[in-house]
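Participant: Going down the list, the sequences are from chains V and U. Start counting the first sequence at 1; every next residue gets the next number (this note's numbering). Start counting the second sequence at 1; every next residue gets the next number (this note's numbering).
In case anyone wonders, no lab produced these hints; they're calculated from the structure. All values derive from a computational prediction rather than experimental measurement. Think of the CB as a built atom: it goes at the ideal place given N, C-alpha and C, for glycine as much as any other residue. Take the hints with a grain of salt, since some may be wrong.
Claimed, not checked - Covered, in the sense of this in silico footprint (three residues per stretch, anywhere, with C-beta under 8 Å from a C-beta of chain U), are these stretches of chain V:
1) 29–42
2) 47–55
3) 65–71
4) 97–109
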Amino acid sequence: QSVVTQPPSVSAAPGQTVTISCSGSSSNIGNNYVSWYQQLPGTTPELLIYDDNKRPSGIPDRFSGSKSGTSATLGITGLQTGDEADYYCGTWDNSLSAVVFGGGTKLTVL
Amino acid sequence: EVRLVESGGGLVQPGGSLRLSCAASGFIVRNYFMSWVRQAPGKGLEWVSVIYSGGDTHTADSVKGRFTVSRDTSKNTLYLQMHSLRAEDTAVYYCVREERGVRGTFRFLSLWGQGTLVIVSS
Chain V
1 QSVVTQPPSV SAAPGQTVTI SCSGSSSNIG NNYVSWYQQL PGTTPELLIY
51 DDNKRPSGIP DRFSGSKSGT SATLGITGLQ TGDEADYYCG TWDNSLSAVV
101 FGGGTKLTVL
Chain U
1 EVRLVESGGG LVQPGGSLRL SCAASGFIVR NYFMSWVRQA PGKGLEWVSV
51 IYSGGDTHTA DSVKGRFTVS RDTSKNTLYL QMHSLRAEDT AVYYCVREER
101 GVRGTFRFLS LWGQGTLVIV SS
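Could you put together the complete structure from these sequences and hints?
Facilitator: Below is the structure:
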């Protein structure tokens, strides 16, 4: 069981907006940066959001990140079929002295 | 081009050993914290081990005493030596570059290799 939890799956129609939550504690999310990674089917994870809410160059502004207290959220607007992927949040855990990931959320674009 | 290329994966029997390599190009490995992250088939991501820029290492409890991370600065290459392998070690192993803040605070994983598959089975 991961110390950081995500919903196993979310779904929405093309063009709609979806949010994916990432819940932790003061040992991790509450006092450390959160990043998000997108893993398209059969590919390597790719950085999507870093430092809670920043986007690397090349990532469209349809993707956004936010954090409040011990929870973080990934938002995706204008959903496209190409957004179907697994999404992982990642952060540092002070108690474990390790990088921890959420269990991953599978996004289905109906 | 900045990239990481893993190699060394394969089929190994339970109790066996394997050494994974990760060749870096476009940047200097010793200037970064470098990690190994694995993903079991159909499962999520699991951090395995890190080597700090200063050379110290830290390993997840699940593999402590069995896995060792190291680097060869002359070859700009990262390694993961794995011993006493178990079926639950079966996974794709990714070499990953970390980004840290000024006081070593973890920020994010900026660069991933393509991964190398390790299968532990008799």
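Participant: Which of the numbered hints above does this structure break?
Facilitator: 3
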